[in-house]
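Protein chains in written order, with the numbering used here: chain H, 1 to 126; chain V, 1 to 495.
Be aware that one or more of the hints could be misleading.
[Said to hold, decoys possible] Ranges of calculated distance between the beta carbons of each label pair, as one might list FRET restraints:
#, chain 1, residue 1, chain 2, residue 2, range
1, V, 279, H, 29, 17 to 25 Å
2, V, 374, H, 92, 38 to 46 Å
3, H, 29, V, 374, 31 to 39 Å
4, H, 92, V, 305, 13 to 21 Å
5, H, 121, V, 374, 34 to 42 Å
6, V, 218, H, 92, 43 to 51 Å
7, H, 25, V, 250, 19 to 27 Å
8, H, 75, V, 388, 44 to 52 Å
9, V, 374, H, 50, 53 to 61 Å
10, H, 50, V, 388, 22 to 30 Å
11, V, 374, H, 114, 27 to 35 Å
Treat the hints as calculated values from the structure; they're not laboratory data.
In this text, a Cβ means the ideal position worked out from N, Cα and C, and glycines have one as well.
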Amino acid sequence: MTTYEQDARILVIEDDPAIASVLQRGLALKGWQVEIADDGVSGAAAWEDGLYDIVILDVMLPGMNGIDLCALRRAEGDRTPVLLLTARDEDAYRIQGEKAGADAYLTKPFVYQDLLRTIERLLAAR
Amino acid sequence: MERAVIRPPRPPRAQPWRIIVLAVGGLLAAIVVAGAAMLAITLNVGAVTDRALHNDIVLEDEADDLRVAVLDVRHFQRNVFFGGPSRTGLQEFESAYLRLLERIDSLRSVQIAAAGVAQPDDLLRMAEAYYAEIRPGMDLYVTDRPGFDRAHEAGLARLVELDRAAQAIDRQGEAQASAALRDVEQANDTATLILVMVIAGASTAGLALAWAALRVLGELRVLSAQQQEGRIRLEAALRTKTEFIADASHELRTPLTVLRGNAEVGLALPSAGECGHEDILREIVREAARMSHLVEDLLFLARSDAGQAALEVRETALEPWLADVAARAEILTRERGARLEPELRATTNGRIDPERLEQAVLALVDNAAKFSPAGGAVRLSSRTDGQRLWIAVSDHGPGIPAADLPLIFERFHRGDKTRARRSGGAGLGLSIARTIVEAHDGQISARNHSGGGTEVTIELPLVPPAAVSAGRTPGPPPTSDTATRAGASAGIQVR
Numbered sequence: 001m002t003t004y005e006q007d008a009r010i011l012v013i014e015d016d017p018a019i020a021s022v023l024q025r026g027l028a029l030k031g032w033q034v035e036i037a038d039d040g041v042s043g044a045a046a047w048e049d050g051l052y053d054i055v056i057l058d059v060m061l062p063g064m065n066g067i068d069l070c071a072l073r074r075a076e077g078d079r080t081p082v083l084l085l086t087a088r089d090e091d092a093y094r095i096q097g098e099k100a101g102a103d104a105y106l107t108k109p110f111v112y113q114d115l116l117r118t119i120e121r122l123l124a125a126r
Numbered sequence: 001m002e003r004a005v006i007r008p009p010r011p012p013r014a015q016p017w018r019i020i021v022l023a024v025g026g027l028l029a030a031i032v033v034a035g036a037a038m039l040a041i042t043l044n045v046g047a048v049t050d051r052a053l054h055n056d057i058v059l060e061d062e063a064d065d066l067r068v069a070v071l072d073v074r075h076f077q078r079n080v081f082f083g084g085p086s087r088t089g090l091q092e093f094e095s096a097y098l099r100l101l102e103r104i105d106s107l108r109s110v111q112i113a114a115a116g117v118a119q120p121d122d123l124l125r126m127a128e129a130y131y132a133e134i135r136p137g138m139d140l141y142v143t144d145r146p147g148f149d150r151a152h153e154a155g156l157a158r159l160v161e162l163d164r165a166a167q168a169i170d171r172q173g174e175a176q177a178s179a180a181l182r183d184v185e186q187a188n189d190t191a192t193l194i195l196v197m198v199i200a201g202a203s204t205a206g207l208a209l210a211w212a213a214l215r216v217l218g219e220l221r222v223l224s225a226q227q228q229e230g231r232i233r234l235e236a237a238l239r240t241k242t243e244f245i246a247d248a249s250h251e252l253r254t255p256l257t258v259l260r261g262n263a264e265v266g267l268a269l270p271s272a273g274e275c276g277h278e279d280i281l282r283e284i285v286r287e288a289a290r291m292s293h294l295v296e297d298l299l300f301l302a303r304s305d306a307g308q309a310a311l312e313v314r315e316t317a318l319e320p321w322l323a324d325v326a327a328r329a330e331i332l333t334r335e336r337g338a339r340l341e342p343e344l345r346a347t348t349n350g351r352i353d354p355e356r357l358e359q360a361v362l363a364l365v366d367n368a369a370k371f372s373p374a375g376g377a378v379r380l381s382s383r384t385d386g387q388r389l390w391i392a393v394s395d396h397g398p399g400i401p402a403a404d405l406p407l408i409f410e411r412f413h414r415g416d417k418t419r420a421r422r423s424g425g426a427g428l429g430l431s432i433a434r435t436i437v438e439a440h441d442g443q444i445s446a447r448n449h450s451g452g453g454t455e456v457t458i459e460l461p462l463v464p465p466a467a468v469s470a471g472r473t474p475g476p477p478p479t480s481d482t483a484t485r486a487g488a489s490a491g492i493q494v495r
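Work out the full structure: start from the sequences and follow the hints.
Okay, structure coming up:
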């Protein structure tokens, strides 16, 4: 693991406080800096302002849903790697996510090790 | 959430169609009766009219002719009386008398059915008696003028009698004619009455028919409205169910993510090994995984019931696919403390949904491993004949009681409840396997080996008919409520 990875800044846009908290706890264990936004609008603002190495984005968000938010950022030229999280594994979401420019996709309930592996892969591929 | 109240539809009343049958039958019967009555009436009225015409024309005419003949005879007798018995006068008288006899004879062809009326024979006797008296009397004109006069007077008296007899026949004719006309009138009255009754009957039947038709139309309207209402309710219920599935998916997965995630993060903490926390956390992870599995199974069945679980059928090389399935089955059996014995013989391609079919096979393998003794062999075998694919999973477990064999593919069915609970699983694996196999137009069956253990076999066409059509036209999106084209019984769409 590189030093840069250990310093990685991760934005988690997730409205469920329990999920947000477990993500924060789990990712902080790896030494990553985690910031939480709990709706689409504040998530968009944080994403625009901050310089993040990766964005973990829930699909079902109040304000603006994750797929629309991702598409919006991509349209503005933002290339930050995006990991979509959803509690729905319907293909429609996966396809919509890919179209919106998401780089990876995990279905809840995900396995912690899978989450770590996915984030490491996205960080390495930047 | 809208509460769907299912009201049983009101069954249609059976009465209207009975009334229709009765009314149509009645109408037909009325037509037959009316036809028969009209025919009988026509024949009867015709006969009565004929009889009346016969009596009126023939009898009256004959009587009139007879009276003319009597007057003729009287006329020529008087000519002889005033002009003397000349040769011409006598010839004319004789001719008139012969005509009278002819007229009397002619009366024989007419039936004079009445007492007190002279019959032709009586008239003949009267005529002959007249002639016997007058004709010799005429010869006395020169020799015995008083005798001639007496014969003349007596002859006139006999002619008056004949004329009266003829008048009586004439009256009889008139009487018979009027009686026949009365018969005609009566027959007409009867015919009118029968016709009125028939028309009344037919009208009643027609009214009943119209009423029944209105009733039937009313019932049909009610049924149509009920059907429409039912369809709307069903659509609403399906929408509600679809939304519920989506909501349940989200609501169940989120807490499971938190539960499992926290336990896994806990395990990753440096202090995890202290005070036995690691074992506790591992158990939480294991149970959360089991619960996730159950949630996925339930969602799969709910989606397939709602016609939302889609098969993605594609051309698949069976050999590498089976090798992959066997590799996963190997891990699964090892985790269960059993060992896999693969015996895979299928080298062709097939149009299948590889992920779903793998899910079905692994459900069978998992089930077999669960009931295998420690270290027991689970045999995974496959073969094709170019048209169909067979995949069989057999174990050396205790077998399935004969009574349970037909039930093992039912949802939540678990033969030995205690053992099943201990081994985990809610009894959905085989049911899901059946749902997937049936969506491939295949069959799944189970049998016990004679030497112990069970074999479950999947048999499916390599090119299911629905998959052929699915290959030609793109399928509906997963959210569409388009009717399923295949696996309709299983509720899975083929895409």
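Right, here's what the structure says about each hint:
no., hint, in the structure
1, V:279 to H:29: 17 to 25 Å, "holds (20 Å)"
2, V:374 to H:92: 38 to 46 Å, "holds (45 Å)"
3, H:29 to V:374: 31 to 39 Å, "holds (37 Å)"
4, H:92 to V:305: 13 to 21 Å, "holds (19 Å)"
5, H:121 to V:374: 34 to 42 Å, "holds (39 Å)"
6, V:218 to H:92: 43 to 51 Å, "holds (46 Å)"
7, H:25 to V:250: 19 to 27 Å, "holds (22 Å)"
8, H:75 to V:388: 44 to 52 Å, "holds (51 Å)"
9, V:374 to H:50: 53 to 61 Å, "holds (55 Å)"
10, H:50 to V:388: 22 to 30 Å, "violated (59 Å)"
11, V:374 to H:114: 27 to 35 Å, "holds (31 Å)"
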